[in-house]
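K.L.:
Please take these sequences and the hints and turn them into a complete structure.
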Amino acid sequence: MLKKIWTHYFIPQERNNHRATILKPTFLLFFLILYLLNQSIIKSLVTLKPGILGYSSEITAQKVFDQTNNERVKLGLEPLTYNPVLSESAKSKAEDMFSNNYWAHNSPQGKTPWTFFDTAGYKYSVAGENLAKDFYDTDSLLKAWMNSPTHKENIVNNKYQEIGIAVVNGTLGGIKTTLVVQHFGTPLVATTQKNTTQKSNDVVEPEVVQSSETVQSPNVLSETSQNLVSPLILSKILSSIIFIVLVVVLFIDGFITVKENIHRLTGSTIGHIGFLVFIFLLMLFNQQGSIF
Amino acid sequence: MIIPKEVKQKPLEYFSLLLALIIGFISYLLIDNTPIRLWIVSCVAVFYFGWSLYHHQKRGDLQLSIIVEYFLIILIGIVLIFKTLF
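Quick note, the sequences are listed as chains H and G, same order.
Per the working numbering: the first sequence = residues 1 to 292.
Per the working numbering: the second sequence = residues 1 to 86.
Note that these hints are calculated values from the structure, not bench results.
Even for Gly, the Cβ is constructed at its ideal location relative to N, Cα and C.
Among the clues, some could well be false.
[Claimed, not checked] Not the full set, but computed from the structure, chain G residues with beta-carbon under 8 Å of chain H: (1) 26; (2) 28; (3) 31; (4) 52; (5) 63; (6) 69; (7) 70; (8) 72; (9) 75; (10) 76; (11) 79; (12) 80; (13) 84.
P.N.:
Structure below.
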């Protein structure tokens with residue numbers, strides 16, 4: 001009985017007019033509705049119960065901090081020290097991007113990255129900023145930064161001594177996302193003291209290193225994103241299941257109809273497989289997130 | 001390797017489809033710009049729909065049920081990728 005139902009839905013045969021039932025328009029519509037329903041549920045959960053689903057479950061402050069320092073150590077540089085004042089500055093920057101709806105180093109109101117350093121009370125001799133959004137795992141995030149010369153320059157800059165990280169969830173351009181801001185710096189006092197011992201009459205002018213956006217996630221600022229399931233991953237899993245089911249059944253359908261030389265009034269199985277595989281590959285190879 | 005009779009009979013039609021899918025895929029990967037990526041996926045989808053109409057017109061079996069089938073397959077692909085990635 002179970003076998004009969006199974007074959008009726010998945011195997012082309014006389015009983016289903018030589019077309020697997022799940023490939024018929026009614027079932028295709030069902031898949032579409034199922035997916036849209038799933039998206040609505042995820043969206044509702046994110047909005048109504050923000051503690052249930054996260055935006056970027058894989059990214060944690062500790063991981064980003066550790067991996068950033070790993071990259072430095074690999075090149076023989078000193079690891080950066082975590083500075084909560086810099087994290088506060090980074091958090092203010094992320095919140096400013098959400099509240100003013102922009103994705104850039106400089107805000108539409110004219111605030112530069114250094115405005116946030118100053119507001120947080122961090123006096124720097126050198127400073128830098130890295131930004132990222134839409135990543136859901138730390139490895140991809142670090143890889144993206146390290147592949148970008150300007151971001152890499154901040155991560156492995158030997159002028160920096162300290163780092164602050166913010167991971168903040170919100171809505172940017174109508175899309176829910178996670179912004180990660182990394183602020184690098186070296187305190188002015190430390191440099192001044194060092195230089196004083198060498199050249200007591202020198203005045204040390206603050207130096208600003210070209211800003212580039214990096215992703216970092218400090219524990220203190222990203223509690224809600226830890227140990228949660230990313231909606232993006234949930235969507236990708238469901239999409240993948242739907243694609244795999246459809247493509248496998250299309251393969252079986254194509255194989256049987258070619259083997260038994262069956263002529264039917266349906267769409268091209270090969271064409272459908274090609275189009276669905278194209279979409280599936282785009283989803284697989286799509287790079288997550290963006291850096292600035 | 002089994003090559004379906006359908007492909008053997010219309011090699012150019014299937015080759016053009018394959019070419020469009022490959023060009024679409026490579027362009028998507030090379031261009032890191034969301035609006036252009038949306039445009040690329042939409043173009044491939046429109047091409048596939050046009051291809052299906054031509055293909056079945058030539059075969060002489062272009063019927064509403066077939067058009068609906070293509071429309072739904074394309075809609076599934078478009079909705080899934082747009083909702084998941086953009």
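K.L.:
Using Cβ atoms only, decide whether residue 31 (chain G) comes closer than 8 Å to chain H, and label the hint accordingly.
P.N.:
Interface hint status for residue 31 (chain G): violated (12 Å vs cutoff 8 Å).
K.L.:
The hint names residue 75 (chain G) as touching chain H; please verify it with the least Cβ-Cβ distance against 8 Å.
P.N.:
Status holds, d = 6 Å.
K.L.:
Per the CB criterion, is residue 79 (chain G) less than 8 Å away from chain H?
P.N.:
holds (6 Å)
K.L.:
Holds or violated: residue 63 (chain G) as interface residue toward chain H, Cβ cutoff 8 Å?
P.N.:
Residue 63 (chain G) check passes; min Cβ-Cβ to chain H is 7 Å, inside 8 Å.
K.L.:
When the nearest CB of chain H is found for residue 52 (chain G), is that gap smaller than 8 Å?
P.N.:
Hint on residue 52 (chain G): holds, closest Cβ of chain H at ~6 Å, below 8 Å.
K.L.:
When the nearest CB of chain H is found for residue 28 (chain G), is that gap smaller than 8 Å?
P.N.:
Holds - the Cβ of residue 28 (chain G) comes within 8 Å of chain H, reaching about 6 Å at its closest.
K.L.:
Are residue 72 (chain G) and chain H close enough, Cβ to Cβ, to be under 8 Å, as the hint says?
P.N.:
Cβ of residue 72 (chain G) sits 4 Å from chain H, so the hint holds.
K.L.:
At a threshold of 8 Å, is the proposed contact between residue 70 (chain G) and chain H supported by beta-carbon distances?
P.N.:
holds (5 Å)
K.L.:
Does residue 80 (chain G) meet its interface restraint, that is, does its C-beta lie within less than 8 Å of any C-beta in chain H?
P.N.:
holds (4 Å)
K.L.:
Identify whether the interface hint at residue 84 (chain G) stands, where standing means a beta carbon of chain H within less than 8 Å of its own.
P.N.:
At about 5 Å, which falls below the 8 Å cut-off, the nearest Cβ of chain H leaves the hint on residue 84 (chain G) intact, so it holds.
K.L.:
Given residue 76 (chain G) as an interface hint, is the shortest Cβ-Cβ distance to chain H below 8 Å?
P.N.:
holds (5 Å)
K.L.:
Let me know if the C-beta of residue 69 (chain G) comes in closer than 8 Å to any C-beta of chain H, holds or violated.
P.N.:
holds (4 Å)
Hint compliance for this structure: hints 1 and 3 are broken, all remaining hints hold.
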